[in-house]
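> Each chain, letter by letter, is given below.
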Amino acid sequence: MKYKSQQVAYWFFALSMLLLALQIIYGFIMGFAHMGYDGLHEVIPFNTARAVHTNLLVVWILSGFMGAAYYIIPEEAENELVNVKLAYIQLITLALVGVAAIIGYHFNYWEGRKFLEIPRPLDYLVVINVLTFLGLILATLFKGKKRTTTSLVLTMGLVFAALLYLPGMIWFDNQTMDSFFRWWVVHLWVEGVWELIMGGILAFLLIKITGVDREVIEKWLYVIVGLTFISGILGTGHHYYYIGVDKTWLIVGGIFSAMEPLAFLGMALFAVAMYRKGEKKHPNKTALNWTLGTAIVSFVGAGLLGLAHTLPQVNLYTHGTLVTAMHGHLAFWGAYGMIVFAIIAYTMPNMTGRKLYNTNTGLLAFWLSNIGMLGMTVAFGVAGVAQVYLERKVGIEFGLVQKEIQVHFFILICCATLFTTGITLYMYEFIKYGRPTNEALVD
Amino acid sequence: MLSKSQARTFFLGGTVITFAIFLGLSWNSLSNAVPKQTHEENLTSQVVRGKHLWESNNCMGCHTIFGEGAYYAPELTKVIDRRGAPFVKAVLTSKAPWAPNGRKMVAYGFSDNDAEDLIAFFTWIGGVDLNGFPPKPDLKQ
Numbered sequence: 000m001k002y003k004s005q006q007v008a009y010w011f012f013a014l015s016m017l018l019l020a021l022q023i024i025y026g027f028i029m030g031f032a033h034m035g036y037d038g039l040h041e042v043i044p045f046n047t048a049r050a051v052h053t054n055l056l057v058v059w060i061l062s063g064f065m066g067a068a069y070y071i072i073p074e075e076a077e078n079e080l081v082n083v084k085l086a087y088i089q090l091i092t093l094a095l096v097g098v099a100a101i102i103g104y105h106f107n108y109w110e111g112r113k114f115l116e117i118p119r120p121l122d123y124l125v126v127i128n129v130l131t132f133l134g135l136i137l138a139t140l141f142k143g144k145k146r147t148t149t150s151l152v153l154t155m156g157l158v159f160a161a162l163l164y165l166p167g168m169i170w171f172d173n174q175t176m177d178s179f180f181r182w183w184v185v186h187l188w189v190e191g192v193w194e195l196i197m198g199g200i201l202a203f204l205l206i207k208i209t210g211v212d213r214e215v216i217e218k219w220l221y222v223i224v225g226l227t228f229i230s231g232i233l234g235t236g237h238h239y240y241y242i243g244v245d246k247t248w249l250i251v252g253g254i255f256s257a258m259e260p261l262a263f264l265g266m267a268l269f270a271v272a273m274y275r276k277g278e279k280k281h282p283n284k285t286a287l288n289w290t291l292g293t294a295i296v297s298f299v300g301a302g303l304l305g306l307a308h309t310l311p312q313v314n315l316y317t318h319g320t321l322v323t324a325m326h327g328h329l330a331f332w333g334a335y336g337m338i339v340f341a342i343i344a345y346t347m348p349n350m351t352g353r354k355l356y357n358t359n360t361g362l363l364a365f366w367l368s369n370i371g372m373l374g375m376t377v378a379f380g381v382a383g384v385a386q387v388y389l390e391r392k393v394g395i396e397f398g399l400v401q402k403e404i405q406v407h408f409f410i411l412i413c414c415a416t417l418f419t420t421g422i423t424l425y426m427y428e429f430i431k432y433g434r435p436t437n438e439a440l441v442d
Numbered sequence: 000m001l002s003k004s005q006a007r008t009f010f011l012g013g014t015v016i017t018f019a020i021f022l023g024l025s026w027n028s029l030s031n032a033v034p035k036q037t038h039e040e041n042l043t044s045q046v047v048r049g050k051h052l053w054e055s056n057n058c059m060g061c062h063t064i065f066g067e068g069a070y071y072a073p074e075l076t077k078v079i080d081r082r083g084a085p086f087v088k089a090v091l092t093s094k095a096p097w098a099p100n101g102r103k104m105v106a107y108g109f110s111d112n113d114a115e116d117l118i119a120f121f122t123w124i125g126g127v128d129l130n131g132f133p134p135k136p137d138l139k140q
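First to last, the protein sequences are chains A and B. If you're matching positions, the first sequence starts at 0 in numbering that gives the first Met the number 0 and goes up one per residue. If you're matching positions, the second sequence starts at 0 in numbering that gives the first Met the number 0 and goes up one per residue.
Any given hint could be a false lead.
[Unchecked claim] Computed cross-link-like contacts, DSSO-like style, restricted to lysine-lysine with a CA-CA straight-line distance of at most 27 Å:
no., chain 1, residue 1, chain 2, residue 2
1, B, K94, A, K402
2, B, K103, A, K113
3, A, K392, B, K139
4, B, K139, A, K279
5, A, K354, A, K402
6, B, K35, A, K113
Honestly, the hints are just simulated from the structure, not real lab data.
Only chain A is shown next, with the shape it has when bound in the complex (with noise of 0.2 Å):
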C-alpha cells in the first residue's frame, strides 16, 4: 500500500463480505422453499426473501467495487484520496440505506421491479450516495500525477453505471415501457458497464500480479471492453424479445448477445495470456487464483450458460424459467463475486501488512466454493431444463410441475452447503488478517 487513504477500501470490503453472508442467507431460504419447506412463510415470504437476495448481491458488489476503487485510484493516479472522511461517510450512509431497503422489504415497502426494487424516496439517497462516490473518485483522478487507462476505464464504468440508474426511475404506465426501460438499467449494468469496472479491476491486478508491461495489457483491455460494448449494447435486445415491442429485436438481440461471449472469452484468453507471459512471479498466490478463476468462469457462467438461452427460438421456451436462475448465478459469481473476491485477495496484505499469501484455508475456500456454485449451476439447470420441457412443450400445469422438480432442490441445497463452507473459509481469512495498519506503507 503506497497511500494511507487506500485503507478506505478494507471498510467497503468488510460491509461487502457481511451482505454477502446475509445474501446467502436469504438464498438457503428460498431453496428450502422451492423444495416444500417454507416455515418461515408468515415471517419472510418468497417475494421478500427474493428481493432481499437479489439486492444485498447488488449491494454487496457495488460495495466491493467501490472498495476497489478507492484503492486503485490512489495508487494509479499516484495520490492520496482528497477527502477521507467523506468516504466514511459514504460509506456509512451506503449501508444505512441499503439496511433500510432491506427491512422495509420485511414489512411490504417496495417497488416489484425486478432487482430495482428499492422504493423510490430510498432511490433518490443511492443517487447522492453515488454522486459523493464519484466526486471523490473523480477528484483524485485529476487531481492525481497520472491517469493511466485502467484507472480511466474503471472510472468509466463507474460513471456509467450511475447514469443508466436513472432510467429506472422513470415511470411509465404501461408494463411494456417499463420493463423496456428497467433493462437499461439491469442489462446495460450486468452485460455493460460493469464489465469495464470488472476489465479496469482485471487489468490492475494483471499489472501487479504477473508483470507484464502496462502498455500491453492496457492495449487489450481497449480490445476487450470494445467487444464488450460492440455486442452488449445491442444484445439488450434479448430481453425484448417477449415484452410487447417489434420483431426487429429478435434478430438484433439474437445476433448481437450470441457475440457477448467473445468478451468473456478475450477476458479469459487474456488473462491466461498475460500470467504465461508474466515473468515477475508474485508471491500472492491466492490473488492469482482468483484473478484467473474470474476470467474463466465468467466466461463459463456469462458467456457460454448465456449463449446457451440467448437465440429467440429457444428463449421462447426458456424465458422466465429456472433455466435463467442457472445462467444468472454462475454469471455473477464468476464475473463480479470472484473480481471482488480476487481484488480483497490481493490488497488485504498490502493493507494490513500480514503477508498470508498461499495458505490451505485460502486454497481450499477457491476451490469449495467454485465448486459448490458449479453444482448449484448444474442442479439449477437440470431443474430448468425439466421444467421447460414438462411446463412450455408437454403443457403441464406449473405446480405440478414444481412438484417434479423438487428434488433438484435438495442438489441444490447440498451444493449451496459446499459454496458456503468455502465462502465462510474466505470470510474467516478475512478476518484473520486483521484491520489495515499505517505500518503497511511503503514507498
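Use these hints to put chain B onto chain A, whose structure you have.
Coordinates of chain B only, in the frame set by chain A:
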C-alpha cells in the same frame, strides 16, 4: 500489430456506433411498435391502478408477467384466459391462506375494488402482442 491507439479507437468508435443504432431502434420501437402491440388505447386508469398494486405488493417477487419476475409461482400473462376473472378475483380477495399444490401465497385479502383493478391490469397484459410468448405446448397429447 494493433497499437494501443488503434485499440482505443476500436473501443470508442464501436461504442458510439452501436449506441447510436441502439437509440435509433429504441426510438422506433417506443414510438411505433409499443402503442400498437400493447393496445395503448385500452390503457385505462383502472389498469394503471392495477399496475401500482402489482408493484407495491411485489407480485413479481414470486410470479412472472411477460416471463419476467421470479420463478416460484405461475406465469400470469395469460392468467385471465387460463383461469377466468371470477377465479382470479376469489384468490385475490381471499383472507384465508391459499396454497395450490402446497405452495403458499400471501393472503392479501384485497378489497373488491383493488381486485377489479388488478384484473383490469391482467386483462390488458393478456392482450399485449408478445411475438408468440408464452409458447403453445407443442408436445401436448
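> Each hint: holds or not?
Status of each hint after checking the structure:
1. B:K94 x A:K402: holds (25 Å)
2. B:K103 x A:K113: holds (20 Å)
3. A:K392 x B:K139: Given pair K392 of chain A, K139 of chain B holds - Cα atoms ~7 Å apart, limit 27 Å.
4. B:K139 x A:K279: Roughly 62 Å separates the two Cα atoms, so the pair is violated.
5. A:K354 x A:K402: Judged against 27 Å, a Cα distance of about 50 Å means the pair is violated.
6. B:K35 x A:K113: holds (25 Å)
In terms of the numbered hints stated before, the structure departs from hints 4 and 5, listed from lowest to highest.
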